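Could you build all of it, start to finish, from the sequences and the hints given here?
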Amino acid sequence: MKSDIHVCAAWESEHDRPVYTLDDTCPDCGAEAVNSAPAPFSPEDSYGEYRRSLKRRRRE
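Taking this note's numbering, the leading residue of the sequence shown gets 29, the next gets one more, and so forth.
Any given hint might turn out to be false.
What the hints assert, rightly or not - Here are the in silico distance ranges between beta carbons for each label pair: (1) Asp51 to Glu88: 30 to 40 Å; (2) Arg80 to Glu40: 39 to 49 Å; (3) Arg84 to Asp52: 35 to 45 Å; (4) Arg85 to Ala37: 23 to 33 Å; (5) Tyr75 to Val35: 19 to 29 Å; (6) Arg45 to Ala67: 32 to 42 Å; (7) Ala67 to Ala38: 15 to 25 Å; (8) Glu77 to Asp56: 36 to 46 Å.
Keep in mind that the hints were calculated from the coordinates and are not lab data. Bear in mind that the values here come from a model prediction, so they are computed numbers and not experimental data. Backbone N, C-alpha and C fix where the C-beta goes; we use that ideal spot for every residue, glycine too.
Structure, rendered in structure tokens:
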């Protein structure tokens, strides 16, 4: 399912807080608006083992 809520892609440099919209562009600055939903999670994550081991290595 595609999210209808978008957030301004340049909000960190242009605004003091995220600007949400239903349009494809930011209503305040005219920058592109991107999907604000997080990536879907899958319990059958085929690369999860590698990602977790890399995360552990970076912590050490």
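Structure-based check of all given hints:
For Asp51 paired with Glu88, a C-beta distance near 45 Å fails the hint of 30 to 40 Å. The hint said 39 to 49 Å for the Cβ distance between Arg80 and Glu40, and at roughly 28 Å that hint is violated. Here the CB-CB span from Arg84 to Asp52 is close to 39 Å, well matched to the stated 35 to 45 Å. Look at Arg85 against Ala37: about 31 Å separates their beta carbons, and that is inside 23 to 33 Å.
Under the hint 19 to 29 Å, the C-beta atoms of Tyr75 and Val35, about 26 Å apart, fit the expected range. Roughly 23 Å separates the CB atoms of Arg45 and Ala67, a value that falls outside the hinted 32 to 42 Å. Taken as a hint, the range 15 to 25 Å holds for the pair Ala67 and Ala38, whose Cβ atoms sit roughly 21 Å apart. Between Glu77 and Asp56 the Cβ separation comes to about 43 Å, which falls inside the hinted range of 36 to 46 Å.
Violated hints, listed in ascending order, are 1, 2, 6; each of the other numbered hints is respected by the structure.
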